[in-house]
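Given the structure of chain Z, go ahead and fit chain S onto it with the hints provided.
In case you want the letters, here they are:
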Amino acid sequence: MALRNPSSFLNPLMFFVISISLFPIAISPESQTLSSIAPGIIWVITMLSVLLSLNSLFHYDYDSGVLEQMVISHHSLPLILLAKTSAHWILSGLPIIVLSPFLGMALFINIEGIYILILTLIIATPCLSLIGSIGASLVVGIKNSGMLLSLLILPLYIPILIFATSAVSQSQSNLPIDGQLYFLGFILILSLLVTPFLSALSLKISME
Amino acid sequence: MSKLKINNLSCQRGYNLLFENLSFELNSGEVLKISGPNGSGKTSFMKILAGLHSYETGSVEYGDAKINSEKYNLDFLYQGHLSALSPELSCLENLKYIAQLGNNNHNLDFSDALKKVGLEKFENELVGKLSAGQKKRIALSLLFITQSKVWLLDEPFSALDSKAIKIIETRIEDHCNSGGLCILTTHQECNIKNIKEISL
Chain Z
1 MALRNPSSFL
11 NPLMFFVISI
21 SLFPIAISPE
31 SQTLSSIAPG
41 IIWVITMLSV
51 LLSLNSLFHY
61 DYDSGVLEQM
71 VISHHSLPLI
81 LLAKTSAHWI
91 LSGLPIIVLS
101 PFLGMALFIN
111 IEGIYILILT
121 LIIATPCLSL
131 IGSIGASLVV
141 GIKNSGMLLS
151 LLILPLYIPI
161 LIFATSAVSQ
171 SQSNLPIDGQ
181 LYFLGFILIL
191 SLLVTPFLSA
201 LSLKISME
Chain S
1 MSKLKINNLS
11 CQRGYNLLFE
21 NLSFELNSGE
31 VLKISGPNGS
41 GKTSFMKILA
51 GLHSYETGSV
61 EYGDAKINSE
71 KYNLDFLYQG
81 HLSALSPELS
91 CLENLKYIAQ
101 LGNNNHNLDF
111 SDALKKVGLE
121 KFENELVGKL
131 SAGQKKRIAL
141 SLLFITQSKV
151 WLLDEPFSAL
161 DSKAIKIIET
171 RIEDHCNSGG
181 LCILTTHQEC
191 NIKNIKEISL
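These protein sequence lines map, in sequence, to chains Z and S.
Going by this note's numbering, the residue at position 15 of the first sequence is 15; the numbering climbs one at a time, nothing skipped.
Going by this note's numbering, the residue at position 114 of the second sequence is 114; the numbering climbs one at a time, nothing skipped.
Chain Z extracted, bound-state conformation (with noise of 0.2 Å):
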């Protein structure tokens, strides 16, 4: 479906792109400044294009109808939207971690840092995508929504913010990381378990 509307998926990985690239231009193109800011650069745009995104995760289906048939499915609610939320990833998440070795390299990252940069996009996109569906079911049926779905999902977005900066930053300083990776770790196995169940919830509530 998002093949045969790739604006649904091409505009968050555009707005990545151009975003990153102009911070070079804005700030200083010396290779010292920006590897310092590099972690942080990306992992905010990442956060800020998953937003975006998260948009259109239940939005074209609750005006079409297709939303009504998940909720009264006598298939799990949790599980369609987990895998929902899954197709999500793989649209916004997965471009983001290809095209982010590239874009850090441009940004003078090392290459230990680029390293632990993917490992980082691999742990915690899915978090945010995951976290996300949360705010996403919430605001399904309220237009012109944004705001208020970046309101409610930035705070707790902070947290995976923090630690997976935190980890490339220290990570090109070869510094231990051990315990960045290993809350990174939790938060996806914690948003796995309790995200599909808290978005049916939130769904079946905005749906009445």
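Please note that a few of the clues may not be correct.
[As the list claims (entries may be wrong)] Here are the computed lysine to aspartate or glutamate pairs in the DMTMM-like style, where the Cα-Cα straight-line distance is at most 20 Å:
id, chain 1, residue 1, chain 2, residue 2
1, S, Lys129, Z, Asp61
2, S, Lys115, S, Asp161
3, S, Lys163, S, Glu173
4, S, Lys66, Z, Glu208
5, S, Lys129, Z, Asp63
6, S, Lys96, Z, Asp61
7, S, Lys115, S, Glu125
8, S, Lys163, S, Asp112
9, Z, Lys204, S, Glu70
10, S, Lys116, S, Glu56
11, Z, Lys204, S, Glu30
12, S, Lys193, S, Glu30
13, S, Lys66, S, Glu25
Calculated directly from the structure, the hints in this document are not laboratory data.
Note that the structure is a prediction, hence the values are computed from the model and not measured.
Only chain S this time, still in chain Z's reference frame:
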């Protein structure tokens, strides 16, 4: 034998009481038409039966199955105002997708269901390019493959021409003759045999 019993149901949306003390029984083979002016709560009532809306007082009894239980959802087919079709998918893809969500016979030929509503030439056409009437026909072609016993059809005849209305009316009659139940809302005249009617 399926039996649906509604006891003293009342529904409120915001500050508006849409209906109260609504009671009736519907047995296998019966069709019920719900009529009433705009805003009288017809769609809300259908959504309550489908398990999408809550109600203030009363109860809905369907054997020992509770609303939103797996058995209840398996036995109920709900078709609302919205056609539940994705414009990016073709007619056949949409039908397969919606069929997988509900209690449907996947061994049946989906092309045959489209043929029965006169859309055999549009199988691979994207739904986004079709007219409102054609979209409604695709949604209603699900009636030819569903195995659900209770059909809840909200305005099934809107946007349909007289030929399509006749096809759907015949399908509803066949369903009820084989022991099913059907509740529908419409502002139009129905030519379905032995149809009951209540007004909200």
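Unsatisfied constraints (hint numbers, rising): Hints 10, 11 not satisfied by this model.
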